[in-house]
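Just so you know, the sequences run in chain order A and B.
Counting along the first sequence from 1, when you hit position 257 you're at 256 in numbering that gives the first Met the number 0, and nothing is skipped either side.
Counting along the second sequence from 1, when you hit position 258 you're at 257 in numbering that gives the first Met the number 0, and nothing is skipped either side.
Note that these hints are calculated values from the structure, not bench results.
This one's a predicted model, so the numbers in the text were calculated from it and none came from an experiment.
We put the CB at the ideal spot given by N, CA and C, even for glycine.
There are no misleading hints in this set.
Among the chain A residues that face chain B by a calculated CB cut under 7 Å, a handful are: (1) Leu51; (2) Pro71; (3) Met78; (4) Asn82; (5) Ala84; (6) Tyr97; (7) Val101; (8) Ala102.
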Amino acid sequence: MAAIELTGVSKLYGAQTAVQGVNLALPEGAFVVILGPSGCGKSTLLRMIAGLEAISAGELRIGGTRMNEREPKDRGCAMVFQNYALYPHMTVAENIAYPLKVAGMRRAERQARVAEVAAALELTPLLQRRPGQLSGGQRQRVAIGRAMVRRPKVFLYDEPLSNLDAKLRVQMRLELRRLHERLGATSVLVTHDQQEAMTLADHLVVMNAGRVEQQGTPREVYAGPASLFVAGFLGAPPMNLLPAEVLASGDTLRLADGTLLRLPEPVLHRGKVALGIRPEHVGGGRLPARVEMVEDLGASVLVHARLQGGADLALHCPAEAAPARGEEIGLDLPPARLHLFEPATGARLPMRAAPARRPLQGGLSVTSATL
Amino acid sequence: MVERRPWLDVVTHVLLLLSAVALLVPVWLALVAATQDVAGVNSVPIHWLPGSHLTENLAEAWQRGGFATRFTTSLIVAVGVTLGKIVLAMLAAFAIVFFQWRARVLVFWAIFITLMLPLEVRIVPTYAVAANALAPFQAILDAIGLTALIQAVSGIHVALEWRLLNSYPGLILPLIATATGTFLYRQFFLTIPEELVEAAKMDGAGPLRFLADVLVPLSRTTMAALATIMFVYAWNQYLWPLLVTTEPERSTVMVELSRMVPRGDGLPEWNIVMAGALLAMLPPLAVVVLMQRWFVRGLVQTEK
Chain A
0 MAAIELTGVS KLYGAQTAVQ GVNLALPEGA FVVILGPSGC GKSTLLRMIA GLEAISAGEL
60 RIGGTRMNER EPKDRGCAMV FQNYALYPHM TVAENIAYPL KVAGMRRAER QARVAEVAAA
120 LELTPLLQRR PGQLSGGQRQ RVAIGRAMVR RPKVFLYDEP LSNLDAKLRV QMRLELRRLH
180 ERLGATSVLV THDQQEAMTL ADHLVVMNAG RVEQQGTPRE VYAGPASLFV AGFLGAPPMN
240 LLPAEVLASG DTLRLADGTL LRLPEPVLHR GKVALGIRPE HVGGGRLPAR VEMVEDLGAS
300 VLVHARLQGG ADLALHCPAE AAPARGEEIG LDLPPARLHL FEPATGARLP MRAAPARRPL
360 QGGLSVTSAT L
Chain B
0 MVERRPWLDV VTHVLLLLSA VALLVPVWLA LVAATQDVAG VNSVPIHWLP GSHLTENLAE
60 AWQRGGFATR FTTSLIVAVG VTLGKIVLAM LAAFAIVFFQ WRARVLVFWA IFITLMLPLE
120 VRIVPTYAVA ANALAPFQAI LDAIGLTALI QAVSGIHVAL EWRLLNSYPG LILPLIATAT
180 GTFLYRQFFL TIPEELVEAA KMDGAGPLRF LADVLVPLSR TTMAALATIM FVYAWNQYLW
240 PLLVTTEPER STVMVELSRM VPRGDGLPEW NIVMAGALLA MLPPLAVVVL MQRWFVRGLV
300 QTEK
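Model the full assembly from the supplied sequences, consistent with the hints where possible.
Given below as structure tokens:
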């Protein structure tokens, strides 16, 4: 059963639509990541689940119960905020205990719960400090502790890692994941960082302009982006997108410089398309290109090349065999790795060679179609 | 902004010094006068150095003004006004900042406009209300004919009356409404991050719980600043206590002090009056000195 179910959920601010008709069924116990650029409505969606924003249209169900009209505290959700939102005048222990205090729990019981949570998050030595005396990572843990202490069924994270420095972010990411495994609750995390999304998610939801663009396991979404937007947003560096044309036969592509590429399977579409290929899939071959820039990433190098006809192409090369700047190289675009998109709508053009949708695994890849 | 101009420094210091002197000379004169005997205080030219009669003048002033009861009255009024103002200002600002309601902007501007209507301007209607706080309701009942109706049906003539004259509520209540305090609190509440409000909501705290558990503790310095200003303001009130306390036994220190001023053919005992003035200055002085640290912090709001 889905832990959180959204049916046609919309949010309007006056005449402006922030979230438009979102249908989602978030599986129980999964780590769900909602990914999108800033202003795409992902935070609004999360806040609607939390009860901090009213739902303009549609229905929200948590654990099967309609929640639209419920107060935030009655929804069984706990939230971790971007800036932690700790009470500055309370000690760490008081901060963590506050939800229990409001709920009217006895002091002794409260202290036991706080001690338990603090031990789990390694906060025990800090319990008597105030938030102002803590580092960013410690504050983050306190905020998580305050969320954990009520033992909610759903954890909501609103860009929780964006205020941490890069190293700490990776570390906290692992901690979040570990915590999720241990608690067994459903987690929903909102982020604009695609790497964070890929590494954390069991179930990835990509949003753009108030709509869900695509959802599935991170692998599915990465390997088969449903639209130009997802293709360009997911992956660092992003997928290469080149202008191309499908010839009348339907199984041949012509690039801007006139090079012809054979598709593994004919497509119905004719005329202009956007051709996508990930940098790690570009191989060596006969397509002439000129190296414009080489970025050393340590493990490999990222080569920015320019094809004849002017299109830019990024590709990964092993660090030992890195080409020099200005060098002429030959490239290959393996047909099985190509993605085609309709340039006007951005929709993916189906090709059989693209990884077909595999059978659902463990109930994790629930799509809107199953609603 | 750091200015590096030596002549500007000199000018500012001279200006500050002059202001300080202008403020302190009257106080010094009062102090000197309070230490003279009747002859000394009336001598021409005036004395600039203190004499030796301070303690006896103070004792005489204290005794003659009945300051023991006057001080009690004044303290009750000043503390009552201060507390009332803080609570009212906090609740008003709380409603304006944290709730979305239709008349919010209207109410905000209404409070703003009362800045232009100090007590002195509305003293006559305020006095009328204090004379009978229920008079407006009586007027409403009369206007809609309810009084006549009740009299016709039961024979009882409805005449609502609640006299506030010569009472603590009469002294305190009209002074409690405060636009300044509401603004001070509003500015402070606007610095509270939205996330904190939402975190409290997620934790299950209702609005009043949030006010008591989060806003009140966080606004301690604002409260101290407001308390300092308002205590001094309430202590120094003269016009309203003069009007509302028709019995001398009920008057405040300030009213009593003005009664001590020699009139007509009376003995010009300015030394006693000045000793009384010195005594009347002590409580606000003590409050300012004690609260100074908090006061500055509350207005600057560097905390948090």
